[in-house]
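Asker: The chain contents come next:
Number of protein chains: 2
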Amino acid sequence: MAEHSVTVENTLQTLLTDKKYSTIRDILVTMNPADIAAVFAGVESDKLPLLFRLLPKELAAESFVEMESEEQESLIKGISDKELRQVMDELYVDDAVDIVEEMPANVVQRILAQADPEMRKEINEILQYPEDSAGSVMTTEYVKLTPDMTVGDAILRIRRTGVDKETIYTCYVLQNRLLVGTVSVKSLLLAPSDLQTIDSIMESNLITVTTHTDQEEVARMMSKYNLLAIPVVDGDNRMVGIVTFDDAMDVVEEETTEDMEIMAGMTPSDKTYLRSSPFDLFLHRIPWLSLLMISATFTGMIISNFEKALAAMTCLAAFIPMLMDTGGNSGSQSSVTVIRALSLGELEFSDLGKVIWKEIRTALICGACLSVLCFAKVMLVDRLIMGNDEVSIMVAVVVGLTLAVTVLCAKLVGCTLPMLAKKLGFDPAVMASPFITTIVDALSLLVYFGIATALLKL
Amino acid sequence: MAEHSVTVENTLQTLLTDKKYSTIRDILVTMNPADIAAVFAGVESDKLPLLFRLLPKELAAESFVEMESEEQESLIKGISDKELRQVMDELYVDDAVDIVEEMPANVVQRILAQADPEMRKEINEILQYPEDSAGSVMTTEYVKLTPDMTVGDAILRIRRTGVDKETIYTCYVLQNRLLVGTVSVKSLLLAPSDLQTIDSIMESNLITVTTHTDQEEVARMMSKYNLLAIPVVDGDNRMVGIVTFDDAMDVVEEETTEDMEIMAGMTPSDKTYLRSSPFDLFLHRIPWLSLLMISATFTGMIISNFEKALAAMTCLAAFIPMLMDTGGNSGSQSSVTVIRALSLGELEFSDLGKVIWKEIRTALICGACLSVLCFAKVMLVDRLIMGNDEVSIMVAVVVGLTLAVTVLCAKLVGCTLPMLAKKLGFDPAVMASPFITTIVDALSLLVYFGIATALLKL
Chain A
1 MAEHSVTVEN TLQTLLTDKK YSTIRDILVT MNPADIAAVF AGVESDKLPL
51 LFRLLPKELA AESFVEMESE EQESLIKGIS DKELRQVMDE LYVDDAVDIV
101 EEMPANVVQR ILAQADPEMR KEINEILQYP EDSAGSVMTT EYVKLTPDMT
151 VGDAILRIRR TGVDKETIYT CYVLQNRLLV GTVSVKSLLL APSDLQTIDS
201 IMESNLITVT THTDQEEVAR MMSKYNLLAI PVVDGDNRMV GIVTFDDAMD
251 VVEEETTEDM EIMAGMTPSD KTYLRSSPFD LFLHRIPWLS LLMISATFTG
301 MIISNFEKAL AAMTCLAAFI PMLMDTGGNS GSQSSVTVIR ALSLGELEFS
351 DLGKVIWKEI RTALICGACL SVLCFAKVML VDRLIMGNDE VSIMVAVVVG
401 LTLAVTVLCA KLVGCTLPML AKKLGFDPAV MASPFITTIV DALSLLVYFG
451 IATALLKL
Chain B
1 MAEHSVTVEN TLQTLLTDKK YSTIRDILVT MNPADIAAVF AGVESDKLPL
51 LFRLLPKELA AESFVEMESE EQESLIKGIS DKELRQVMDE LYVDDAVDIV
101 EEMPANVVQR ILAQADPEMR KEINEILQYP EDSAGSVMTT EYVKLTPDMT
151 VGDAILRIRR TGVDKETIYT CYVLQNRLLV GTVSVKSLLL APSDLQTIDS
201 IMESNLITVT THTDQEEVAR MMSKYNLLAI PVVDGDNRMV GIVTFDDAMD
251 VVEEETTEDM EIMAGMTPSD KTYLRSSPFD LFLHRIPWLS LLMISATFTG
301 MIISNFEKAL AAMTCLAAFI PMLMDTGGNS GSQSSVTVIR ALSLGELEFS
351 DLGKVIWKEI RTALICGACL SVLCFAKVML VDRLIMGNDE VSIMVAVVVG
401 LTLAVTVLCA KLVGCTLPML AKKLGFDPAV MASPFITTIV DALSLLVYFG
451 IATALLKL
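Chains A and B, in that order, are what the protein sequence lines are.
Residue numbers for the first sequence, in the UniProt record's numbering: 1 to 458.
Residue numbers for the second sequence, in the UniProt record's numbering: 1 to 458.
Okay, chain A solo, but in the shape it has when bound:
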């Protein structure tokens, strides 16, 4: 796709210089909104309004929605109030809210001034819901039916009002603003008779979320129940909007990126990588780097404490990186597995016992296997091949034994911390490899020096 966009961009640049506007228009109308937005991202911002005006009204609005907020902002600044109003008229409320959320105050005022009063009211309502809640991602435009309508009435209603709705495929049956059922267009079209009433064909076994449900939970429910749209109700069970599948897919993508960033010891960022400046990246990366660097003071203190043992048997130092890394890797395997299972809803805190028991058994097999492998490697590589006489059989036993105990500790820490974090209301993703590694490092050194002083009589 990217290569395709680059080519179109170059063509457009040439056509723009030559002022061949009708050719540009002919090219743009064959393209999809997402691709137009990608092409626009590569155009100088003073040319944007010119290109934008070449698009037919509806395509213009759809492409506008797909643009990054930087382009949206410079575009809004470059077009007239009348043109802005035309764009606003074509937007769905949830898309308008997304745009408003990203704009500086003066641009927001211009946008709201050009929205029609009803849309302005709806935008303002949605803006009041907490970030990342169902309320903040929903749209208030959906098809409403009543239980006493006939199938024929319902189809007529869709034909008359559907053009402004983001989805018409699931219609919502309301009685006194309370949601009593849903009807799919499929069941309307396949209904044996146009005279059947809606309440005879509607699905009354409802799956709903409230305005405050976390958007990640909303996406998970839509995926679990294969829903095109999910109704959002308020505290009194009155229907206030719907979340559509395309927004749910965006939420999943966003939340996954956020999880991965947190798991790699970064604070999450809204900007894409190529749009982040080095200073942006620095700000998101430095907090955990500093914190973890400072906490490594403990591992340093442990080593200082056993300086005498290390001085007496210098070959022990050579195995420290291997023990620390294997511990860290074992721990992050467990923590990432548990974090992912928690985020998919496969695990609950009540499963803690089961998880610990499973990890203990896994750790014992992994530990035994690694231990033997490590013993063999130390004897073969460090003693025989590298000819280090200080590496006795006893040293190989100490290293192998430490490895087994470290793997056990690492897996226990790795599976327990994310579950505790979840229970305490923190994001379990924080308990991923950087954090686990720091703890496991200290543990593995304590175990190592403990076993070494005992067995080697240092």
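Where hints are given, some of them may not hold.
Same chains, same names: a pair is fine if it fits in one copy or spans any two.
Using 25 angstroms as the maximum straight-line C-alpha spacing, the simulated PhoX-like pairs for lysine-lysine come out as follows [unchecked claim]:
{"hint": "1", "residue 1": "354", "residue 2": "271"}
{"hint": "2", "residue 1": "57", "residue 2": "165"}
{"hint": "3", "residue 1": "457", "residue 2": "224"}
{"hint": "4", "residue 1": "271", "residue 2": "165"}
{"hint": "5", "residue 1": "165", "residue 2": "186"}
{"hint": "6", "residue 1": "308", "residue 2": "457"}
{"hint": "7", "residue 1": "57", "residue 2": "224"}
{"hint": "8", "residue 1": "144", "residue 2": "186"}
{"hint": "9", "residue 1": "186", "residue 2": "57"}
{"hint": "10", "residue 1": "224", "residue 2": "271"}
{"hint": "11", "residue 1": "82", "residue 2": "57"}
{"hint": "12", "residue 1": "165", "residue 2": "121"}
Calculated directly from the structure, the hints in this document are not laboratory data.
Here the structure is a predicted model, which is why all the values come from computation and not from measurement.
Starting from the known structure of chain A, arrange chain B on it as the hints suggest.
Answerer: Only chain B this time, still in chain A's reference frame:
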């Protein structure tokens, strides 16, 4: 949700013991297929056929699709051929394929024997596509229209044939088996007249994938273009099926889990955590653990090489864990950011120069900042508070300087390796923290001892 299922499970167990089948049926029919499957997962396998028979035909098939393959298998073994045929008649082809793929050969034979001949043919065709390709996740059941039909004809066609189709909301306009356009039910319903022809309202600007397109790319395109379904064409551009949004959401979930597993140094697994035995977990975790343990031999060799320097100045050993960890963390921040951007299609290999330049600048700011912080910490904590006289200002300078250089190396390795992996056709996710850490450990030790021997004249 889980708590809710537990309660229903207990109730059902009691009702089962009391043989109150009609009550059980009344409860089950109010539930969603996904929830029924969750409840069935907790029931002893010999009771499954009994419960299953209580469900109405359609709900039974829908719940069957949602079950895990273990339950599906024991259920198939417990029901008659006639019952199995009823289930097969209700299934969509893509769901049937998913089930067949998970079953042992003898069960597959029974399933295929009970499917009607056309479905059997379609299942066999889909099974021939490579795993994880669009062909393997598509369904062959979709609504076909011709360009010369009127809107009225099209709606009639949907009403007559739609009941067997997984989605009717996007219809596909074919001419000689070639896809020439798509029409949404929305545009059919909103068309001003029933007499308009399909070719006058169809969308002819098509987004398609081929049978061999990777399923992750399919999901990404559906998300990018907000599609409910995407048409799949063969090498000669003939339409062979569609992938629907619910399968795309499943693909995204599956691929994300796989990425996270690989990034944490595990080989990906199809089983959920609670269903994996400790031995399963062991098999998926041991390969990378062993490999990375063995490769830590190099770090060990570096330390052995500088044993004299360490013996001369034992305090140097205390900073090794901090330097290694900070290097590892810096590297995995960069690698995870780049891996995610690659998997979202935000980065291409051609961006390598841009990425390296961005990471160099980020590394310089991070490095400078950490370096100063580290110098201050060493002077304050290690020298003043812990009173270690061996820690001179020069030692603090060495440690601080090493940290800055390590961060730079780590970020360069972290951003470059995933992009190279992608270019060479490997999964970039392999180049995440465990792998990067091993390389960065060796680099940081080399830098450390290099700077230490130079500045401290060891």
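Asker: Now look at each hint and say whether the structure bears it out.
Answerer: Hint check:
1. 354 - 271: between (39 angstroms within a copy, 16 angstroms between copies)
2. 57 - 165: within (17 angstroms within a copy, 34 angstroms between copies)
3. 457 - 224: Answer is neither: 59 angstroms inside a copy and 65 angstroms across each miss the 25 angstroms cutoff.
4. 271 - 165: neither (30 angstroms within a copy, 40 angstroms between copies)
5. 165 - 186: Classified as both; 17 angstroms inside a copy, 10 angstroms across copies.
6. 308 - 457: both (12 angstroms within a copy, 23 angstroms between copies)
7. 57 - 224: between (37 angstroms within a copy, 21 angstroms between copies)
8. 144 - 186: Close inside one copy (16 angstroms) and across copies (16 angstroms); limit 25 angstroms.
9. 186 - 57: Cα proximity of residue 186 and residue 57: across copies only (19 angstroms, versus 30 angstroms in one copy).
10. 224 - 271: Answer is between; shortest inter-copy Cα gap is 17 angstroms, intra-copy 29 angstroms.
11. 82 - 57: Within one copy only: 12 angstroms inside a chain, 57 angstroms across chains, cut-off 25 angstroms.
12. 165 - 121: within (17 angstroms within a copy, 40 angstroms between copies)
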